[in-house]
Amino acid sequence: MSVLIVVECAEGEVKKSSLEVASYGAEVAAMLGTTATAIAVGEVTEANLATLGEQGITKVLHDAEPRLKDFVNNAYTKLIATAAEQEQAKIIILANSNIGAAVGSRLSVRLKASLATNVVELPKLNGDQFVVRRGAFSGKAFSDVVLSGDRKIIAVKKNSTEAKHEAGKTAEVASFSAQLSDADFADAPSQVIMQDQAGGILLPEADRVVSGGRGMKGPENWNLIEDLAKALGAATACSKPVSDVDWRPHHEHVGQTGITVSPNLYIACGISGAIQHLAGVNSSKVIVVINKDPEAPFFKAADYGIVGDVFDVLPKLTAAVKALG
Amino acid sequence: MKFLVCISNVPDTTTKITFTPDNKEFNKAGVQFVINPWDEYALTRAIELKEASGGTVTVLNVGEADTEPNIRKALAIGADDAIRVNAAPKDAFFVAEQIAAVAKEGAYDVILMGKESIDYNGFQVHGMVGEMLGIPTVAPAMKLDLSGSTATLEREIEGGKEIVTVNAPFVASCQQPMCEPRIPNMRGIMTARTKPLKVVEAVGGAPRTQVTEFALPPKKEGVKLIPAETAGDLIKLLRNEAKVI
Ligand SMILES: Cc1cc2nc3c(=O)[nH]c(=O)nc-3n(C[C@H](O)[C@H](O)[C@H](O)COP(=O)(O)OP(=O)(O)OC[C@H]3O[C@@H](n4cnc5c(N)ncnc54)[C@H](O)[C@@H]3O)c2cc1C
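Chains U and V, in that order, give the protein sequences. Using our numbering, read the first sequence as starting at 14 and increasing by one per residue. Using our numbering, read the second sequence as starting at 9 and increasing by one per residue.
Hints are supplied without guarantee of correctness; some may be wrong.
Claimed, not checked - Below are the DSS-like pairs computed for lysine-lysine, each with C-alpha atoms no more than 30 Å apart in a straight line:
| no. | chain 1 | residue 1 | chain 2 | residue 2 |
| --- | --- | --- | --- | --- |
| 1 | U | K125 | V | K24 |
| 2 | U | K103 | U | K82 |
| 3 | V | K24 | U | K298 |
Said to hold, decoys possible - Derived CB-CB ranges, DEER-like:
| no. | chain 1 | residue 1 | chain 2 | residue 2 | range |
| --- | --- | --- | --- | --- | --- |
| 4 | V | G213 | U | E56 | 38 to 44 Å |
| 5 | U | N139 | V | A96 | 51 to 57 Å |
| 6 | V | Q218 | U | M44 | 18 to 24 Å |
| 7 | U | P307 | V | A37 | 28 to 34 Å |
| 8 | V | R195 | U | E308 | 37 to 43 Å |
| 9 | U | M14 | V | A73 | 41 to 47 Å |
| 10 | V | K24 | U | D325 | 31 to 37 Å |
| 11 | V | K228 | U | G246 | 21 to 27 Å |
| 12 | V | E237 | U | N61 | 46 to 52 Å |
| 13 | U | N61 | V | R195 | 56 to 62 Å |
It should be emphasised that the hints constitute simulated quantities derived from the structure, not laboratory data. Where is the CB? At the ideal position from N, CA and C, for every residue including glycine.
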């Protein structure tokens, strides 16, 4: 028996959210007195997989099938199911990402497992009860959920746990084959189109986010947001009306009907702080609000605030970050 | 094409979330329930595709009788008929079992739903239904076009998108910018009253998960204001006090 951890990789490296998942999985394995085995999906080098030892992983299974580079729902599901059977994994842990949710939900049926997504903490073992805390009501609350049955799948919310690094520890990389056939790739994408990321930082994975609302007045002013984001090494985001009118692309829309983010730092510029917007960002560790209206509701959800005009304040902030060196 | 659109009944997005004093249940008092906003994309897109190339749109809800106003709303928006599985939605697996049973019985070609419900935030039902029926799932889909029984979809992945082609039957979970969700018009509201709404009993067994307790996020301690004139001081605080940069 072992804990099986699904690590997503891209461009040769393990994704940051999967480093978090790997650490989480290693801790769960320790709680249960067993070892943590990972199964890699996506494009990755074996050298980078070996460094998963730093997160506490003992062994990494790697299927060199080249068509696994892109996300293919059926193939990934079969790959992970096969690994779970081989390792007799009672617990499978993945990221609560688009890939993790798509695969985890299919796996739960195939492996007759109970499933909890959007999990924010390590499980609690109360006697024979296995309890996880997950985000519910779109960031407005949490719920504790008992997972029943012999097998359990947990999808961990990004940025809710920290990736550990024990320098120098390496994992054994073992080749593995799920014997995938053409039929398993029937739903393979015909094309994969990646966005141009500002500074190469993905919003769902970002540690820091600079976000703009209608108070930014128009897309032509987004250089102010981008300059600060670049200086901070942050991703950019926006409120719903901003993406609705195409000032910014839809994948930047955060909130109840957009994506939920929980970075260490969220800087809101010219955003009023409507309840639907807050739902998507209120699990951020530190929230900064810049708004010219002192009554803007966002100030109630903020740690730091500046009552002022974004066009005056943003360049000052960017200059101050650059001055830090 | 026979479209099956799954809708859930959720608290309005402006709802302040509270729980019963023992924190065991969501406090429904005074809460207005709406069609899950993500499901509106699925519903409107199904209606658009039906208008373009024919077919029928059936809405499906797993819920008790109090969800019927929102089922009627979906009929008013343009669905042809509705099915309600008469049971409280116990967990994602239970709901998926109901959807799979209805989809199989009615031999639906295209099964659509929202990316997730804004109350449970499971983001699970699509994959479970696909797996139960042994058909492909595309989740979350940002675009859906049909040509005969072949669908071309855009699936959002972190940092980009995939173009995926699948043959019916398939499941897709929908999100923006798939379409502009429609609202009911007067004529729709009138005709919705007489459209068929069938109530069926639940199938399947026990749920696999159980919520034992709810909790609210910790409250913020209060905002520390920095004067706009000395805005740069904020950056020092973020470094030295909050330690986030
Ligand atoms: C079903 C539903 C779902 C929704 N989902 C979401 C969601 O997921 N995400 C989301 O963001 N919204 C969502 N909304 C919309 C939400 O209710 C708000 O309308 C929206 O968040 C407001 O965006 P905003 O703050 O950018 O704009 P506004 O509310 O117009 O606020 C602009 C702010 O900018 C300030 N401002 C203006 N000029 C300046 C300046 N020069 N300097 C500084 N400040 C300035 C103003 O004081 C104001 O506070 C949803 C709504 C509904 C009904």
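Hints, one by one, checked against the model:
no. : hint                        : verdict
1   : U/K125 x V/K24              : violated (36 Å)
2   : U/K103 x U/K82              : holds (26 Å)
3   : V/K24 x U/K298              : holds (21 Å)
4   : V/G213 x U/E56: 38 to 44 Å  : holds (40 Å)
5   : U/N139 x V/A96: 51 to 57 Å  : violated (25 Å)
6   : V/Q218 x U/M44: 18 to 24 Å  : holds (21 Å)
7   : U/P307 x V/A37: 28 to 34 Å  : holds (33 Å)
8   : V/R195 x U/E308: 37 to 43 Å : holds (42 Å)
9   : U/M14 x V/A73: 41 to 47 Å   : holds (45 Å)
10  : V/K24 x U/D325: 31 to 37 Å  : holds (34 Å)
11  : V/K228 x U/G246: 21 to 27 Å : holds (25 Å)
12  : V/E237 x U/N61: 46 to 52 Å  : holds (48 Å)
13  : U/N61 x V/R195: 56 to 62 Å  : holds (60 Å)
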